[in-house]
Structures are given as structure tokens and as C-alpha cells.
Amino acid sequence: MPDWKEVVRENLGPAGLPPSAEEDVIAELATHLEELCEHEQTRGRSELEAEKWVLANIRWQKLAREIRAAKREEESMKNRKRTLLLPTFANLLLLTLGILALGFLGFHPEIDAQHHVWFSFPIPWLLALPFVGAAGTLLAKREGASPAERLVAGLAPSVVWLAEFCLMAVAIECDRHDFAPFPPQYFGLTALWWVVLPVLAQLAGTLPFIQAPEKGDTGWRQRQPSTR
Amino acid sequence: MSKRIRSKIARGSGELAILSLLAEQPLYGFEIAKQIGERTGGALQFTLASLYPLLYDMEKRGWVEGRWQTNRAGRDRRYYRLTVSGRRQLAPLRHEWRAFFHALDSLAGVSHA
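Taken in order, these protein sequences are the chains called H and B.
Be aware that the first sequence starts at 1, since it is given in our numbering, and climbs by one per residue.
Be aware that the second sequence starts at 1001, since it is given in our numbering, and climbs by one per residue.
A portion of the hints provided could be inaccurate.
[Stated by the list, open to error] FRET-style restraints, in silico, Cβ to Cβ:
#, chain 1, residue 1, chain 2, residue 2, range
1, B, 1085, H, 53, 36 to 42 Å
2, H, 159, B, 1087, 27 to 33 Å
3, B, 1095, H, 167, 48 to 54 Å
4, B, 1024, H, 211, 39 to 45 Å
5, H, 166, B, 1087, 24 to 30 Å
6, B, 1024, H, 65, 30 to 36 Å
7, H, 11, B, 1067, 44 to 50 Å
8, H, 159, B, 1034, 50 to 56 Å
9, B, 1067, H, 159, 54 to 60 Å
10, B, 1094, H, 147, 23 to 29 Å
11, H, 55, B, 1039, 45 to 51 Å
12, B, 1087, H, 57, 46 to 52 Å
13, B, 1103, H, 86, 46 to 52 Å
[To be verified] Stretch-level coverage of chain H by chain B, calculated; a stretch enters the list once three of its residues show a Cβ under 8 Å from a Cβ in chain B:
#, stretch
14, 23–29
15, 93–107
16, 126–133
In case anyone wonders, no lab produced these hints; they're calculated from the structure.
Predicted model, so just to flag it, every value in this text is computed and none were measured.
Glycine included, each C-beta is placed from N, C-alpha and C at the ideal position.
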């Protein structure tokens, strides 16, 4: 009796699925072939005849093509959820909890148009950002994320700040009466402290963990050399 | 009949056959193919290349759910069971196929062929 898993692996070739999903498919098809072979033997074929009959009736190329089509979209959605969405939300959650904790400790960021706005910025929060960025990136890396996904997971809060800052700029532009005393130079300094520096701080925590995926981590499985 | 239409009919009938079987009990791939072959007197036959892509596609759409189970002999098999969404698909699919055969019958008298 051949090793049906090896037979399937050799003939199916790389399916372009994550290793665990690919192993599941191989195991399931191998079990099917093994049972089909046994079934044919109960109908009077010898073991060798049954093996030959089973193998002769499989269109491997069609099978591989259709399994790829059926599986890949599903797997890519599952993967995206695991490698990108969950680490991103974990990062945002961690940061929100950090802001709440700093609030309890008495660090309240304030926008002060009359004075130097950066003096009221919570420095401990800025110092914590590299660690938050690193946590998001490491979580994504552990799930086998690509370097781009790791970068997005690590810098996710920056996107939120940038969006908030843009909204603030639009609000100021739309309501000049209320924001008239807000000098343009403070607006630039606010951008520096609320967007540029936090992004750089998160990037500092993220960059060390953005490297090529480890071999066999997420890449396509290489076709095994034939042993028969 | 074009190959594309034939393929769509085969796919649709395959979905109905699998959903109908799984509505009775959870089954694994080989057993699904075997029961469909036996219960249709060999008229419907699933090959490896027609069964598993269809099962994976139905799983992707949330109609069936596959889970590994080990039997008493220690063999691992992936059992498929119908989900609530799959069960909801069954009645409309049956209705569509009944209407299809009725229409074909009025046109070509296939039920008396």
C-alpha cells in the first residue's frame, strides 16, 4: 500500500495555501484514495490492480486547479483576519487602555492655543508608543503576516490620529470664527506632536520586527522530490 | 448543450445531492460519493475532482462545516455536517430543481422517456 499522503502531495503540487490548510486537504484526499482502494479490493481487484485503477482515474491537474479556486479565497480571508485585523485591533485596544491608564495617573493631553501646545502632551504616552507598535507587529508576525501586514498592524493607531487630525483641520477651516485665535504655527506644532512624533515612535517599535517571512512560514510549499 | 451549461447543471445537481444527504446525517467525503453513487443506481457519480472542490466551495459559502474525527479503527476522517444556512438552502434548491424538471418534462416529455 503506498503512502497516499505522499502520492497526493507529489501529484497535486503546491496549492498556494497556508501549510496547515494544505496538509488538511492532502490528508483528506489521501484518506479518500485509501478507502477507495480498499473498496475496489472488496469488489475483487488485487491490491496492485486497485491502486492502478484508483490512480488512473484521477485528473490531478483539474483537481489541483479546482481546489485552488475553491480554497484560496476562503483561506485568504481567514488569513487576513488572523494576520491583519486581529493584531490591528489588539494594537488599538492596547493604546486605548494605555490612554485610559494615563488619564487615571493624571496625564491629560490638552490643546492650548495660547501657550505651547507640546508642553501639555503626555510624554509617558509617547515613550510607550514604540512598545505598543512592537506588540502589534509581533502579534502579526506570530500569525505569519507578510512584512506589509506587520507594518499596518504596528502603525494602525497612526492612521486613526492622522484621520482625527485631518478632521480637526477641516473643522477649523469650516468654523473660522471659533478657531480664529488658533495661530497657524501652533497648528503645525500640533501636527508634529500629535501625528509626526507618535508615528515615528510607533515606527521605531515596528521596524525591528518587519523582516522577510521565515522560511516555511507563509510561503508556497515547494514540491517534494519524488521518492518513487 | 454547451460544456458550460452542462457544468452548471452538474454543479447544481451536485449541491442538491450533497445537501440532501447531509440533511440526514454528517458524512465524510468518501461516504458521500459512495452513497450518491449507490442511491442513484450509479447515475450520479462523484470523482475526487468533482467532489472535494464542491465541498470546499460549499464550506466557503457556509452551507456545510467540516470537522476531523477519528473512528474506532484510528482513521481520521473529515465529517461534513449541514449548517443552518445550508439547511435553509435545501428547500429553495429542491423547488428550483422540481420546477426545472417540470419545465423540461412539459417540453420534452422526459419523465416518460
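Of the hints stated earlier, which fail here?
-> 2, 4, 5, 7, 9, 10, 11, 12, 15 and 16
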